[in-house]
Every structure is written in structure tokens, then in C-alpha cells.
Amino acid sequence: MGLLSSSVSISRYRVEGDIEEPVLETVRNGLIRNVISHIEDEYAEMSVGWTPMESAFDPDFEKFTFSFGTYFVFSLRIDKKSVPSKIIKKYVSLEIIKKLKETHRDFLSKNEKKDIKDMVTEKLMRQMPSTPNMYDVMWDYENASVLFFSTQKSANEELETLFKKSFQLTLIRLFPFTMIEGSSFLKSEEKDLAANLASTKLLR
Amino acid sequence: MLDIAVSYNKYKFLGDEFLTWVWYLVENNINIKTMVDMECNKISLELGNSIVLENSLGDESSEKISIKGDDAGLEEGTTALRKGAVVTDINLILIVDESEWRFSIKGESMNITSLKTPATGNIESQDDIEGAVLEKIELYAIPFKIIDSLFDNFIKKRVSDQWKDVEIPAMRQWIAL
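Those sequence lines, one after another, are chains A and B.
Each residue of the first sequence is one higher than the one before, starting from 1 at the first, in our numbering.
Each residue of the second sequence is one higher than the one before, starting from 1 at the first, in our numbering.
Derived from the structure by calculation, the hints contain no laboratory data.
Accuracy of the hints is not assured; some may be wrong.
Distance ranges between label pairs, derived from CB positions [to be verified]: (1) B/N31 with A/S188: 25 to 31 Å; (2) B/S61 with A/T103: 53 to 59 Å; (3) A/A195 with B/K42: 32 to 38 Å; (4) B/N41 with A/G182: 28 to 34 Å; (5) B/S61 with A/K63: 51 to 57 Å; (6) B/S61 with A/S188: 33 to 39 Å; (7) B/D165 with A/T170: 36 to 42 Å; (8) B/E63 with A/S6: 33 to 39 Å; (9) A/I19 with B/D70: 44 to 50 Å; (10) A/K63 with B/C40: 35 to 41 Å; (11) B/A170 with A/T170: 36 to 42 Å.
To be clear about the criterion: a stretch of chain B counts as covered by chain A if any three or more of its residues have a C-beta under 8 Å from a C-beta of chain A, and this derived list gives those stretches [said to hold, decoys possible]: (12) 14 to 23; (13) 71 to 77; (14) 87 to 100; (15) 111 to 123; (16) 160 to 172.
Ideal placement from N, C-alpha and C gives every residue a C-beta, glycine not left out.
Taking the hints into account, I'd like the entire structure generated from these sequences.
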């Protein structure tokens with residue numbers, strides 16, 4: 001889901017830590033070092049990396065910008081391969097029939113069946129194209145905040161991990177507790193009181 | 001410092017209570033502009049087309065009430081509040097001067113979904129992209145600023161005597177109507 005879409009879902013983060021100067025170069029290097037890699041001919045089930053917002057399939061941060069005014073905007077791309085279990089089952093069955101015919105036997109051992117399944121799965125995984133998903137990231141560096149254009153748990157977890165790996169900065173997800181903790185409006189005694197609150201019952 | 005997962009679960013009730021309070025503000029036409037530091041003439045919130053309430057029944061089970069539709073009656077919602085439910089998800093229409101945002105907000109995560117900003121200019125060439133991105137970022141900032149201000153105000157009241165002396169009686173009066 002993209003920043004420029006007509007309808008978006010957003011989760012918010014606070015960025016903790018100091019980034020190395022010069023900031024623009026550090027961010028550029030972090031993005032380049034962790035661009036999405038190509039997994040089409042490989043066994044890998046998943047590939048996660050950055051790509052420019054304007055160019056999902058040409059992840060070239062020298063050609064496409066990630067700096068918009070005082071913000072950094074780029075995308076997290078998650079490519080996933082999966083082979084439906086029914087397809088694996090079909091090809092495993094065909095391979096078993098073939099092997100039984102070739103060896104003139106009535107049955108295969110458990111280990112032989114497992115080897116066939118592993119071989120079939122690996123072959124199908126290599127043939128299967130990956131499904132790409134893109135999620136935009138808007139990093140307001142001056143205010144140490146990030147908007148992530150997805151509320152999917154798995155995508156959020158991938159973002160948190162890759163952001164840390166790329167920039168050595170921690171993303172703190174904003175939800176009631178962390179919003180109170182990071183509020184500049186609330187006094188520290190109010191934050192302490194909030195930490196000890198119990199739920200209110202509206203019914204008498 | 002609390003573990004993130006523990007603090008998420010421990011304090012999600014505050015997000016749900018916040019949304020319940022926001023619904024009370026909306027239904028009672030309470031002026032929210034005084035709670036938000038923003039240069040504009042008018043800020044208002046209206047209920048959008050859905051609201052979800054949840055009533056914890058103990059022993060880890062709960063009753064969920066979803067009300068959807070543009071002209072849906074909200075009596076079931078206030079009845080659920082009377083039985084002890086809280087709002088867990090609410091669709092809101094935010095109006096700032098002449099501009100309108102629509103979104104849903106979830107209490108436990110404060111995630112925003114289905115956010116629609118006021119209309120922006122069309123992108124006709126590559127040169128328009130930077131302007132469009134910056135315009136969208138400015139538009140996204142406004143509902144977050146208002147939500148954060150309301151949340152801060154809610155917590156300030158929630159930890160003070162004002163909560164039990166003023167807010168709770170007023171909310172009870174509203175749901176009793």
C-alpha cells in the first residue's frame with residue numbers, strides 16, 4: 001500500500017538512537033546495502049529489502065531519489081515464494097509412481113518418500129516466481145518518527161528488523177503505552193500515574 | 001522498562017477507553033478545538049460508518065458488537081456501553097475548516113486504517129511526484145496531530161480527579177439517555 005494511494009493504512013513509530021553524520025549519506029548507504037535481492041532462480045522462500053518508492057523493480061538508489069524535502073521516503077519490498085501444498089502433493093505422487101515403475105517395486109520406504117518430497121519441493125520452489133509486496137516508509141528524520149504504510153504484523157516485524165540492520169536505529173511502535181511514554185505534553189508524574197491505571201467501568 | 005509485548009497487552013484498555021471517550025465527545029458535540037494546538041477556524045469529529053464495541057465477559061471470553069452502515073442506529077452501541085462494553089474500533093470523519101479526512105482507528109494498537117485525505121492534485125509527470133509526496137505527508141500529519149492531542153488530553157484527565165468527578169458522571173448520563 002502506497003503513500004500516494006487514495007486510501008491507506010498506517011502504523012507509526014518513534015525512532016530511537018543517533019544516526020551517523022552526514023545523515024543523507026548514511027541513509028543512502030543503509031538503503032543501498034540492503035536493497036531487495038533477486039530470488040527468482042533460487043530456493044529462498046523470502047527476500048526482504050529496500051527499493052525506491054518510485055521504482056519497485058529497479059532498486060537503484062543512485063537513479064531514484066529517497067529524499068523529499070526534509071523527509072526520507074522509500075519502500076520495503078517483501079518477495080515471497082510459496083508452492084500450494086496440493087501441487088507439491090500431486091508432483092510427489094507422480095514421482096512415487098514413476099520410481100515404483102522404474103524399480104518394479106510395490107512400495108517405497110519412508111525415507112525414500114521424504115527424499116522425493118524434498119526434491120520435488122526444491123524443484124518447484126526454484127520454478128515458482130515470487131510474489132512481491134511493497135509498503136512505503138516515510139521517515140521524518142527531524143522529528144524522529146516513521147509512518148509505515150501497512151498494519152500487517154508480519155510486514156511491521158520485517159520493517160523493524162531491516163531498519164535496525166540498515167541504520168542501527170531502533171523503531172518503537174506507537175500504541176497507548178509508548179504514546180504516553182513519548183508524550184512531551186504529559187508531565188513525568190502523570191506518566192507514572194498512567195502506568196498504574198486500572199480500567200474504568202462505565203456501568204455503575 | 002516493560003517489555004513491548006507486555007506493555008501492549010497491559011495498556012490496550014487505555015486505547016479502548018480513549019475511543020469510548022472520543023465517541024462521547026462526538027455524540028455530545030463537545031468542542032475539541034480547545035484541546036488541539038492548531039491554527040484553524042474549526043475542528044470537528046463525526047462518527048463515520050462503523051463502530052465496534054467489546055464487552056469482556058471474564059474467563060477470557062468476550063462479546064463483540066459491530067455496527068456498520070451510513071445510517072445505522074447506535075442504540076445497540078449505547079446499550080452495550082451500559083453493559084460494560086468499550087469501543088475497540090471506530091470510523092471517524094475529521095473536519096478541519098473545509099477539509100475532510102475519513103479513517104478508522106483501533107484502540108489497542110492506535111493503527112489507522114482506510115485513511116482518506118482531502119483530494120490532492122493529479123500527478124501528470126515525473127516532476128509532480130515530489131510535490132504530491134510532500135502534500136500527502138502534510139495531509140497525513142493533521143489527523144495524527146489531532147489524535148495525539150486528544151489522547152494527551154484524555155490521559156491528563158484520566159490520571160486526575162476530573163476523570164471520576166466530571167468525565168465519568170457525564171459519560172454515564174449520556175449512556176443512560
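Hints, verified against the model:
1. Restraint check, B/N31 to A/S188: a C-beta distance of roughly 29 Å satisfies the suggested window 25 to 31 Å.
2. For the hinted restraint 53 to 59 Å between B/S61 and A/T103, the CB-CB distance of approximately 56 Å keeps it satisfied.
3. For A/A195 and B/K42, the Cβ-Cβ distance of about 35 Å falls inside the hinted range of 32 to 38 Å, so the restraint holds.
4. B/N41 and A/G182 have their C-beta atoms about 30 Å apart, which keeps the hinted 28 to 34 Å range intact.
5. Taking 51 to 57 Å as the suggested C-beta distance range, the pair B/S61 and A/K63 conforms, at roughly 55 Å.
6. Taking 33 to 39 Å as the suggested C-beta distance range, the pair B/S61 and A/S188 conforms, at roughly 38 Å.
7. Taking the beta carbon of each, B/D165 and A/T170 are about 40 Å apart, inside 36 to 42 Å as hinted.
8. Checked against the hint of 33 to 39 Å, the C-beta distance between B/E63 and A/S6 comes to roughly 35 Å, which is consistent with it.
9. For A/I19 and B/D70, the Cβ-Cβ distance of about 46 Å falls inside the hinted range of 44 to 50 Å, so the restraint holds.
10. Roughly 40 Å separates the CB atoms of A/K63 and B/C40, a value that falls within the hinted 35 to 41 Å.
11. A beta carbon spacing of about 40 Å between B/A170 and A/T170 agrees with the range 36 to 42 Å that was offered as a hint.
12. Counting residues of the stretch 14 to 23 of chain B whose C-beta lies closer than 8 Å to any C-beta of chain A gives 5; at least three are required, and the coverage claim holds.
13. Only residues whose C-beta sits within less than 8 Å of a C-beta in chain A count toward coverage, and the stretch 71 to 77 of chain B has 0 of them, not enough to reach three; the restraint is violated.
14. Coverage of a stretch by a chain is defined here by at least three residues with a beta carbon nearer than 8 Å to that chain's beta carbons; for the stretch 87 to 100 of chain B and chain A the count is 0, and the condition is violated.
15. Residue count for the stretch 111 to 123 of chain B with a Cβ under 8 Å from a Cβ of chain A: 7. That meets the three needed, and the coverage hint holds.
16. Evaluation of the coverage hint for the stretch 160 to 172 of chain B: fulfilled, as 4 residues show C-beta separations to chain A shorter than 8 Å, against a requirement of three.
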